[in-house]
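All chains should be built: construct the whole structure from the sequences, respecting the hints.
Chains as they are written, first to last, in my numbering: chain B, 1 to 301; chain X, 1 to 335.
Because the hints were derived from the structure by calculation, they are not lab data.
Treat each hint with caution, since some may be false.
[Said to hold, decoys possible] Examples of chain X residues toward chain B, derived with CB under 10 Å:
{"id": "1", "residue": "Ala49"}
{"id": "2", "residue": "Phe138"}
{"id": "3", "residue": "Pro143"}
{"id": "4", "residue": "Asn144"}
{"id": "5", "residue": "Trp146"}
{"id": "6", "residue": "Phe147"}
{"id": "7", "residue": "Gly157"}
{"id": "8", "residue": "His250"}
{"id": "9", "residue": "Ile260"}
{"id": "10", "residue": "Gly264"}
{"id": "11", "residue": "Gly268"}
{"id": "12", "residue": "Arg297"}
{"id": "13", "residue": "Val306"}
{"id": "14", "residue": "Thr310"}
[Said to hold, decoys possible] Computed beta-carbon distance windows for the label pairs:
{"id": "15", "chain 1": "X", "residue 1": "Gly56", "chain 2": "B", "residue 2": "Thr255", "range": "37 to 45 Å"}
{"id": "16", "chain 1": "X", "residue 1": "Arg7", "chain 2": "B", "residue 2": "Val203", "range": "36 to 44 Å"}
{"id": "17", "chain 1": "X", "residue 1": "Phe61", "chain 2": "B", "residue 2": "Pro28", "range": "40 to 48 Å"}
{"id": "18", "chain 1": "X", "residue 1": "Ala29", "chain 2": "B", "residue 2": "Val109", "range": "50 to 58 Å"}
{"id": "19", "chain 1": "B", "residue 1": "Val101", "chain 2": "X", "residue 2": "Ala315", "range": "33 to 41 Å"}
{"id": "20", "chain 1": "X", "residue 1": "Thr89", "chain 2": "B", "residue 2": "Leu25", "range": "55 to 63 Å"}
{"id": "21", "chain 1": "X", "residue 1": "Val241", "chain 2": "B", "residue 2": "Phe211", "range": "39 to 47 Å"}
{"id": "22", "chain 1": "X", "residue 1": "Pro124", "chain 2": "B", "residue 2": "Ala122", "range": "36 to 44 Å"}
{"id": "23", "chain 1": "X", "residue 1": "Ala49", "chain 2": "B", "residue 2": "Phe211", "range": "53 to 61 Å"}
{"id": "24", "chain 1": "B", "residue 1": "Lys131", "chain 2": "X", "residue 2": "Ala315", "range": "16 to 24 Å"}
[Stated by the list, open to error] Computed cross-link-like contacts, DSS-like style, restricted to lysine-lysine with a CA-CA straight-line distance of at most 25 Å:
{"id": "25", "chain 1": "B", "residue 1": "Lys27", "chain 2": "X", "residue 2": "Lys239"}
{"id": "26", "chain 1": "B", "residue 1": "Lys29", "chain 2": "X", "residue 2": "Lys123"}
{"id": "27", "chain 1": "X", "residue 1": "Lys239", "chain 2": "X", "residue 2": "Lys123"}
For each residue, glycine too, the CB sits at the ideal point set by N, CA and C.
The primary structure of each chain is shown beneath.
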Amino acid sequence: MAVDVAVADAARPVRARRRFAIRPLLKPKIVLGGAIVLTLIVAGALAPWLAPFDPNAQNLDLALKPPQWLLGPHILGTDAVGRDILARLFYGARVSLVIAVMVVLISGVIGVTLGAISGYFAGIVDFLIQKLVEVVWAFPPLLLAIAIMAFLGQGLRNLILALVMQRWISYCRVARGQALSLRTREFVDAARALGASNTRIIVRHIVPNLFQSAVVIGTFAMASAIISEAALSFLGLGVPPEIPTWGSMLADGRTYISTSWWLALFPGLCIFFTVLGINLLGDGLRDLLDPRLKRSGTGMG
Amino acid sequence: MAGYLLRRVIGTIPVILLITSLVFLLIHAAPGDPADLLLSDQATSQDIAEARHRWGLDQPFYVQYSRFIVNVLKGDFGTSFRYSDPVITVIGERLPATVELAIVSLLIAIALGLPLGVWAGAKPNSWADNLGSFFGFFGISMPNFWFGIMLILVVAGYLNWLPSSGRSTYGIARGSETGFYIVASLLAGNFLAAWDGVRHIILPAVALGTNMMGIIMRVTRSAVLEVMHEDFVRTARAKGVAESTVLWRHVLRNALVPVITVAGLELGTLLSGSIIVETVFAWPGSGSLLISAIESRDYPLITGTVIIYTLAFVAINFMIDILYGFVDPRIRFGK
Numbered sequence: 001m002a003v004d005v006a007v008a009d010a011a012r013p014v015r016a017r018r019r020f021a022i023r024p025l026l027k028p029k030i031v032l033g034g035a036i037v038l039t040l041i042v043a044g045a046l047a048p049w050l051a052p053f054d055p056n057a058q059n060l061d062l063a064l065k066p067p068q069w070l071l072g073p074h075i076l077g078t079d080a081v082g083r084d085i086l087a088r089l090f091y092g093a094r095v096s097l098v099i100a101v102m103v104v105l106i107s108g109v110i111g112v113t114l115g116a117i118s119g120y121f122a123g124i125v126d127f128l129i130q131k132l133v134e135v136v137w138a139f140p141p142l143l144l145a146i147a148i149m150a151f152l153g154q155g156l157r158n159l160i161l162a163l164v165m166q167r168w169i170s171y172c173r174v175a176r177g178q179a180l181s182l183r184t185r186e187f188v189d190a191a192r193a194l195g196a197s198n199t200r201i202i203v204r205h206i207v208p209n210l211f212q213s214a215v216v217i218g219t220f221a222m223a224s225a226i227i228s229e230a231a232l233s234f235l236g237l238g239v240p241p242e243i244p245t246w247g248s249m250l251a252d253g254r255t256y257i258s259t260s261w262w263l264a265l266f267p268g269l270c271i272f273f274t275v276l277g278i279n280l281l282g283d284g285l286r287d288l289l290d291p292r293l294k295r296s297g298t299g300m301g
Numbered sequence: 001m002a003g004y005l006l007r008r009v010i011g012t013i014p015v016i017l018l019i020t021s022l023v024f025l026l027i028h029a030a031p032g033d034p035a036d037l038l039l040s041d042q043a044t045s046q047d048i049a050e051a052r053h054r055w056g057l058d059q060p061f062y063v064q065y066s067r068f069i070v071n072v073l074k075g076d077f078g079t080s081f082r083y084s085d086p087v088i089t090v091i092g093e094r095l096p097a098t099v100e101l102a103i104v105s106l107l108i109a110i111a112l113g114l115p116l117g118v119w120a121g122a123k124p125n126s127w128a129d130n131l132g133s134f135f136g137f138f139g140i141s142m143p144n145f146w147f148g149i150m151l152i153l154v155v156a157g158y159l160n161w162l163p164s165s166g167r168s169t170y171g172i173a174r175g176s177e178t179g180f181y182i183v184a185s186l187l188a189g190n191f192l193a194a195w196d197g198v199r200h201i202i203l204p205a206v207a208l209g210t211n212m213m214g215i216i217m218r219v220t221r222s223a224v225l226e227v228m229h230e231d232f233v234r235t236a237r238a239k240g241v242a243e244s245t246v247l248w249r250h251v252l253r254n255a256l257v258p259v260i261t262v263a264g265l266e267l268g269t270l271l272s273g274s275i276i277v278e279t280v281f282a283w284p285g286s287g288s289l290l291i292s293a294i295e296s297r298d299y300p301l302i303t304g305t306v307i308i309y310t311l312a313f314v315a316i317n318f319m320i321d322i323l324y325g326f327v328d329p330r331i332r333f334g335k
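The following block contains the structure:
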């Protein structure tokens, strides 16, 4: 009995602390946005099991069937070559998710690293990196991606390159600003006095302090990456046509808009709700983690 | 003021040079010989050798590079394969349609976004704020290409209220369709054509402006929210100034700097958004020109459009810089 009480006492502060950590996350924006993002992740990850049909299985006898809802096998209907819309949406979620996550991670690593270096060293290094930022930023968003895809050709690697090309900049700008002020802080001086190298100071002391802002920028970058990927696929400049994506489904649907509305409606709804969910989540996280970013992160680009 | 302007002009020159260099590198990073890319598929090997010489592709890299830069600065982007006209002429003919669309979109975005933002920011957490925030999120999350398709489906298709594509109805248009169609029709006194132009521009402009509307609403809201707590607002209220005057004269004016900044930055989004929206609505502007150039592998035209769009964006940002130098003199003298 006494042991039980002792255990309970020991557990209490831990539980209290945990509750403290979870409660701020229970904001409507974060919960709603998180739920949508979670659904997307589940749908994408489990696509092979959730999808009722092979996304590329064609059947011209079943072409352009309207949604049968729960009354038939093709719940959301079929496209012009008889492929199941729902199955393609599940696989499209997977493609969107994988591309967006890769773009966000690669841009984040490049942007935070360059930003930290730029802010920490200041001087000529800062000048050069900021010139690069200025030039890449001078291109209207998406135009550079369109140009890259137009010149280098379709494909997953080029698509990711095209989407990363401008997305690392928002990380870099914010990271630089924070690194500029961090470099004069006492703990950095202390580390330097203890003989830490510049690399060590940046990796161990500067970068961890940039993490929160990077998470917030990352969510908005993810939303914009999903929209841009869909836009490029819509224009026929995304991944190769045999891979189902929401953007290319939408492009197909546009052709049949006057007769078969379901082709364009469902992929568009998926894009809209996914982006809405990520934006809500990003907004909630920003209010929570880094209210200072309020003005800089508008969520698009 | 003159010194400020001069400093900004000089500051943009290296950026323009570097942009051009980046596009040059991109052309050279493309798989295959630029001569293959820059010539049509029907070219013989003799044509290619001749073109290589004419374009200086047989010259060392630095010669090619400097020649490219000089040509760009002269406005010479070569000849379009498809139109057999100088690229600059082809783009010049289509550019007014894009500008017209962008201006109308921007007006729609400001007309909706600014009042919604002020309304929401003045009373945080009220129903007005929630409604405004809903529109804000709707705007920034809506992919314009899908919104465009849905507008065509519902407004043009089912309701049959507005036309779904193009700039004018066949038979109503007098003379050239290019140029600033609505304004030109108005000036010519052809009100029927002007009204026809307005009917055509509404759907694409709404599709293109929704995104910007959301952004303007959100930035205005947070700027108003911030300014509402300033001392001068309290002073104005204490003087007995009417609340609406406080809001629209004192608060909005001071909240305008971040709004102009962000709106200016997002003009680039509007420009690139127009590429997609023009494609959706078959709007005969320079954006849909770029996409058809990509489809027909018209590389001189692609290069020219990319550079001209980017230079336009640089010019817009430059003007925005000047503009908020006027709105907020602290910026001008500060840095």
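Under 10 Å, Cβ to Cβ, is where Phe147 of chain X needs to be relative to chain B, so tell me if that hint holds or is violated.
-> 8 Å, holds
Agreement of hint Gly268 of chain X with chain B interface, Cβ distance less than 10 Å = The hint holds - Gly268 of chain X has a Cβ within 10 Å of chain B, the shortest such distance being about 4 Å.
Against chain B, run the beta carbon of Trp146 of chain X and see if the smallest gap drops under 10 Å.
-> Holds: closest Cβ of chain B sits about 3 Å from Trp146 of chain X, inside 10 Å.
Mind checking the hinted window 36 to 44 Å against the Cβ distance between Arg7 of chain X and Val203 of chain B?
-> 37 Å, holds
CA of Lys239 of chain X to CA of Lys123 of chain X, is that 25 Å or under?
-> 21 Å, holds
His250 of chain X as an interface hint toward chain B, with CB separation required under 10 Å | At 20 Å from the nearest chain B Cβ, His250 of chain X fails the 10 Å test, so the hint is violated.
Restraint outcome when Phe138 of chain X is required to lie within 10 Å of chain B by C-beta distance | 8 Å, holds
Agreement of hint Thr310 of chain X with chain B interface, Cβ distance less than 10 Å = 5 Å, holds
Interface hint outcome for Gly157 of chain X [beta carbon to chain B under 10 Å] = 6 Å, holds
Distance restraint hint 39 to 47 Å, applied to the beta-carbon atoms of Val241 of chain X and Phe211 of chain B | 45 Å, holds
For the hint on Pro143 of chain X, does the least C-beta distance to chain B fall short of 10 Å?
-> 5 Å, holds
Could you tell me whether the CB distance from Lys131 of chain B to Ala315 of chain X stays inside 16 to 24 Å?
-> Once the Cβ atoms are compared, 19 Å apart, the range 16 to 24 Å for Ala315 of chain X and Lys131 of chain B holds.
Violated hints, in rising order: 1, 8, 9, 10, 17, 18, 25; the structure is consistent with all others.
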